[in-house]
Amino acid sequence: MAFYIVQFLTGLASAASLFLVASGLSIIFGVTRIVNFAHGAFYMLGAYVAFTLTEQFSGAIGFWGGIVVAAVIVALIGVLVEMVLLRRIYHAPELFQLLATFGLTLMVEDLVVLIWGPSDLLGRRAPGFRGAVDFFGQNIPSYDLFLIVLGPVVLGILWLLFQRTRWGVLVRAATQDRDMVAALGVNQKWLFTSVFAVGVFLAALGGALQIPRDAVNHALDLQIIVDVFVVVVIGGLGSIVGAFVAAVLVSELNAFGILIFPKISIILVFLVMAAVLIVRPWGLFGKQEAPARRTPGLTVNPWRPLTSGERLAAIAALALAAGLPLVGGNYALTVGSEIAIFVIFAVSLHFLMAVGGLASFGHAAYFGLGAYGVALLAKMAGLPMIVCLLLGPLLGCLGAAVFGVFAVQLSGVYFAMLTLAFAQIVWSIAFQWVAVTGGDNGILGVWPERWAASPSHFYWLSIGIAALAVIALRIIVFSPFGYALRATRDSPLRGEAIGIDGKRIQWTAFVIAGTVAGIAGALFAYLKGSVFPDSLGISLSVDALVMVLLGGVETVSGGVVGAIVYKALNIWLVSRTDLSKLVLGAFIVLIVVAFPKGIVGMLETIRNRRRPKLSKPASLTSRIETAE
Amino acid sequence: MNAAPTLLSVEGLTKSYGGIHAVRGVSFALKAGEILALIGPNGAGKSTCFDMLNGQNVPDSGRIVLLGEDTAGEKPRAIWRLGVGRTFQITATFPTMTVRENVQVALVSFERQLFNLWGSTPKFERDEAGRLLELVGMAGYAERPCGELAYGDLKRLELAIALANQPKLLLMDEPTAGMAPRERIDLMRLTAQIAKEQSIGVLFTEHDMDVVFEHADRILVLNRGTLIAEGSPAEVRRNPQVRAIYLGEGLVYDARHREGASA
Numbered sequence: 000m001a002f003y004i005v006q007f008l009t010g011l012a013s014a015a016s017l018f019l020v021a022s023g024l025s026i027i028f029g030v031t032r033i034v035n036f037a038h039g040a041f042y043m044l045g046a047y048v049a050f051t052l053t054e055q056f057s058g059a060i061g062f063w064g065g066i067v068v069a070a071v072i073v074a075l076i077g078v079l080v081e082m083v084l085l086r087r088i089y090h091a092p093e094l095f096q097l098l099a100t101f102g103l104t105l106m107v108e109d110l111v112v113l114i115w116g117p118s119d120l121l122g123r124r125a126p127g128f129r130g131a132v133d134f135f136g137q138n139i140p141s142y143d144l145f146l147i148v149l150g151p152v153v154l155g156i157l158w159l160l161f162q163r164t165r166w167g168v169l170v171r172a173a174t175q176d177r178d179m180v181a182a183l184g185v186n187q188k189w190l191f192t193s194v195f196a197v198g199v200f201l202a203a204l205g206g207a208l209q210i211p212r213d214a215v216n217h218a219l220d221l222q223i224i225v226d227v228f229v230v231v232v233i234g235g236l237g238s239i240v241g242a243f244v245a246a247v248l249v250s251e252l253n254a255f256g257i258l259i260f261p262k263i264s265i266i267l268v269f270l271v272m273a274a275v276l277i278v279r280p281w282g283l284f285g286k287q288e289a290p291a292r293r294t295p296g297l298t299v300n301p302w303r304p305l306t307s308g309e310r311l312a313a314i315a316a317l318a319l320a321a322g323l324p325l326v327g328g329n330y331a332l333t334v335g336s337e338i339a340i341f342v343i344f345a346v347s348l349h350f351l352m353a354v355g356g357l358a359s360f361g362h363a364a365y366f367g368l369g370a371y372g373v374a375l376l377a378k379m380a381g382l383p384m385i386v387c388l389l390l391g392p393l394l395g396c397l398g399a400a401v402f403g404v405f406a407v408q409l410s411g412v413y414f415a416m417l418t419l420a421f422a423q424i425v426w427s428i429a430f431q432w433v434a435v436t437g438g439d440n441g442i443l444g445v446w447p448e449r450w451a452a453s454p455s456h457f458y459w460l461s462i463g464i465a466a467l468a469v470i471a472l473r474i475i476v477f478s479p480f481g482y483a484l485r486a487t488r489d490s491p492l493r494g495e496a497i498g499i500d501g502k503r504i505q506w507t508a509f510v511i512a513g514t515v516a517g518i519a520g521a522l523f524a525y526l527k528g529s530v531f532p533d534s535l536g537i538s539l540s541v542d543a544l545v546m547v548l549l550g551g552v553e554t555v556s557g558g559v560v561g562a563i564v565y566k567a568l569n570i571w572l573v574s575r576t577d578l579s580k581l582v583l584g585a586f587i588v589l590i591v592v593a594f595p596k597g598i599v600g601m602l603e604t605i606r607n608r609r610r611p612k613l614s615k616p617a618s619l620t621s622r623i624e625t626a627e
Numbered sequence: 000m001n002a003a004p005t006l007l008s009v010e011g012l013t014k015s016y017g018g019i020h021a022v023r024g025v026s027f028a029l030k031a032g033e034i035l036a037l038i039g040p041n042g043a044g045k046s047t048c049f050d051m052l053n054g055q056n057v058p059d060s061g062r063i064v065l066l067g068e069d070t071a072g073e074k075p076r077a078i079w080r081l082g083v084g085r086t087f088q089i090t091a092t093f094p095t096m097t098v099r100e101n102v103q104v105a106l107v108s109f110e111r112q113l114f115n116l117w118g119s120t121p122k123f124e125r126d127e128a129g130r131l132l133e134l135v136g137m138a139g140y141a142e143r144p145c146g147e148l149a150y151g152d153l154k155r156l157e158l159a160i161a162l163a164n165q166p167k168l169l170l171m172d173e174p175t176a177g178m179a180p181r182e183r184i185d186l187m188r189l190t191a192q193i194a195k196e197q198s199i200g201v202l203f204t205e206h207d208m209d210v211v212f213e214h215a216d217r218i219l220v221l222n223r224g225t226l227i228a229e230g231s232p233a234e235v236r237r238n239p240q241v242r243a244i245y246l247g248e249g250l251v252y253d254a255r256h257r258e259g260a261s262a
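Going down the list, the protein sequences come from chains C and L.
Going by numbering that gives the first Met the number 0, the first residue of the first sequence is number 0, and it counts up by one from there.
Going by numbering that gives the first Met the number 0, the first residue of the second sequence is number 0, and it counts up by one from there.
The following block holds chain L by itself, in its conformation from the complex:
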């Protein structure tokens, strides 16, 4: 594991909105084949952090080195070109196309054929699209209109799309949000399996602690914009600060609330 190359290293990532420090000096690294979870209570800065990594948000300061290139402030499409696949918290697919075509568009883009006016997309890399769908267990749905899919299947399709550019890193924003418990486990098991097989690094945010503790190799815990803990699931589970946030949140809130009321 230690011999694996570093895919992503983040140093002193900072972003504030007005007077609010959404993310303050966050630093971490991610190696090939490693599954890293980014957790924290609502408003901890997970999404802001994530959006800066995938190019939807520009950091105020700090460095993001992705596959050897500084990508802070780059557009999402430029980051994708480096070999980063991503899935969204609320699935984003192309509802008027079939499931196979959804993957084919990603392949078109990967092979830089976007401005090709002549070829036939339905015939474009059919086998490769089929292989990716097979990989996520969606081969039987290839010719279905994507708009008809159930939510869990959309999540699988998104994973297939995210794998189309032979990524070295997957960014998954709450990959199991809105899914049934059984589907959650299945999807993450599948993701972990693919990541290990192809030595892809995975960074994901998640609210479901069962999913996090079962699948993550390492966990980062954010609270109010700063990283308060980092380590293996067992280490994080033992960390008193993390326990206070996740188990004693009500008490913390109550204490502050009373302070605020008396001030």
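Isolated chain C, as found in the complex:
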């Protein structure tokens, strides 16, 4: 019994940091409507800065002062970020905000390694809380008890701040309707900046307080952000009480999940999250978001099928690509195959985002499932390659079918966070279920059969399948189904009123996108000859998002161009610099701020501008005359 109580208290102690970070994210979202992906990075920075300060200054004052000063310093960095970057993108679509803050996260990861080095850092014990308390023969670190008390104390302080101060009233008002608050003459700029500072302060404090418990390392950011996303999805974005309750719930589930399913404890959290989402789609304490006021000036280049001339040009480009083996060596062909595979992956996500308006932040899950599907079939069942290529992607299809049921219940940022959490769950299963997936060591020796083994043959296979995937998805875009999907994105209200079951349409699109991503993953497994948990990871999901964005999210086939440019650039960059994350992160931020329409989107806009305006239809002029 004592053991379980200790386990419970450990869970409560872990909840403290999680609550601090999640409440910060919630406060920022409530007012600015930005889901700050960089929140994990600020948490990590808080830990690193606190480590340095507590090493420099000795004694209790040095330690506790160091922790608070670290949080303040990071909050000031947050203010800088808000003023320089976020102010430019408050009115951008939420996907762009998530991506920009993710780019920031990538940059911070490399900067942290540059400054503090790649190895884990062990922090000092907290003065006054070094020992442990004996509890019926079980030890509880006294620092854990401190954290258990701290959580509710911070909750109380935040409550007072929001209920008893003028600033708190403004924040609550802005959470309900920020346009109205601005219309009442409140300086929105500084309100947003101060809210962001408070949110970042909480994240950094959460990170700094962890140093006596855990080693500081440069992977902390992604670890915490996934947990935080799960917490806010369960608790409800924008609710601080929700963040607290959900943080406790998730931490306890983790603490006890390890006892029940030692290998795949994260499953338990997932099951609870799924249950909550079914009963309360906006979280335990969340509210359904009021539809946002439409951003004015949204220009859309109308979509149309390719003209016969453009079709010829596309075929010519494909023929040209097919000629690569005549001039390129083996390395060029391998790179070419990889680019072709990423074209498939990118167009699958592009379909979901551009046509369905569903920005999945965990699309790599289905890519990776396809890859694992092939690897398991080839290695365990020993099936021939062609069968594996046909059946492997079905694992991606299956994953998308299951997760899609939950994901399509939500939209916008909730959809993004949920898909990210699902991908992370699949990743941890691949990582932890060593008996089947080989864990970190992956599955090796998945080589193509002789007919596809030579680089040129595999290259032709890849671009052939890529071409088929692009054509198939284009056909679907202009099919009745594609229009039903667009209709659901454009106006769910009107869609429902003309008999469209939006959720079923979106689910079907999710499954299609997941299956196509699975096909890309299946080819990828054969290209690399192996599968690792990386092919399910967050960074691969984000790669896909950047490709879509680079190509242009409002275009029909921008994903193709985005994938080619991005992948080529990426392969070239990685071979050139050690700081690829820093450069990549800066690149993402730059696209979001400077070229939000993407390459193809910009080309289309330029072309449309050149084309002479359509002359007024005859009936219009006649109607104007009659009106006069």
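Don't read these hints as lab results, they were simulated from the structure.
The structure presented is a predicted model; accordingly, all values stated were derived computationally and were not measured.
Where is the CB? At the ideal position from N, CA and C, for every residue including glycine.
Be aware that a few hints might be false.
Dumping the calculated DSBU-like pairs for lysine-lysine here, alpha-carbon to alpha-carbon at most 30 Å [to be verified]:
#1 LYS74(L) with LYS502(C)
#2 LYS286(C) with LYS74(L)
#3 LYS596(C) with LYS502(C)
#4 LYS122(L) with LYS596(C)
#5 LYS167(L) with LYS502(C)
#6 LYS122(L) with LYS502(C)
DEER-style ranges, computed between Cβ atoms [as the list claims (entries may be wrong)]:
#7 GLY82(L) with TRP166(C): 52 to 60 Å
#8 GLY129(L) with VAL168(C): 53 to 61 Å
#9 ALA182(C) with TYR16(L): 36 to 44 Å
Just a sample of chain L residues kept apart from chain C, beta carbon distances all over 10 Å, derived [claimed, not checked]:
#10 SER26
#11 LYS30
#12 GLY177
#13 ASN222
Starting from the known structure of chain C, fit chain L onto it as the hints suggest.
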């Protein structure tokens, strides 16, 4: 007129939120080819009533028999499948599609081709879409992006979309809200004409009394959730209770206000 079949009959429709009775025991019927207006001051329960009819709200009790089926609590898309077209107070269309495509999507749904992955929507029922646009006077705009349309034209487009499933009943929530006076008359004249030609029943809510008295065959007047009057425009115009609400509203409010202040 009396020989026309009943399209919609509502019996004892009731809905309350907390302690507030938004709609209390409302009953009425609507026949094919009839244009019925639902009017009442703000907060009378028009919207609640309307939302229960079109499936966006579930009644606490009461029956809604639409074209022979009890539809209380059914989803909007199920009600649409029965042959009910609708337009919204604030237009809801698909801004990234052309005007013709907006109608084509409705036709796709009507012909149950929503899960067809193969065909080409731009070629789907082009002529039928063109005919519907012609009917509402929008044929000249067919290839325009819908996002570029002026508000009055969006309302016409909505009417074309609403007619795509060959409806027997049209539900129109404040069809002329936000339009210029001249456009209001045009749109309602058009609606009335189509309704008479195709023998479609129309139920609409409206604040503009000129529109109501000119086009409605019959008028229902709601006040604080209950039906207080029903009849032809002439009858309703003469009804003292209706006059009190619409003309003497200020006095009624004042009296209650003083009561409340002294209590």
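Quick rundown of the hints versus the structure:
1. LYS74(L) with LYS502(C): holds, 13 Å
2. LYS286(C) with LYS74(L): Holds, because 22 Å separates the two Cα atoms, which is no more than 30 Å.
3. LYS596(C) with LYS502(C): holds, 28 Å
4. LYS122(L) with LYS596(C): holds, 29 Å
5. LYS167(L) with LYS502(C): holds, 27 Å
6. LYS122(L) with LYS502(C): Judged against 30 Å, a Cα distance of about 26 Å means the pair holds.
7. GLY82(L) with TRP166(C): 52 to 60 Å: holds, 56 Å
8. GLY129(L) with VAL168(C): 53 to 61 Å: holds, 56 Å
9. ALA182(C) with TYR16(L): 36 to 44 Å: violated, 28 Å
10. SER26: Its Cβ never comes within 10 Å of chain C, the nearest being 25 Å, so this holds.
11. LYS30: holds, 23 Å
12. GLY177: GLY177(L) clear of chain C: closest Cβ-Cβ about 15 Å, beyond 10 Å.
13. ASN222: holds, 28 Å
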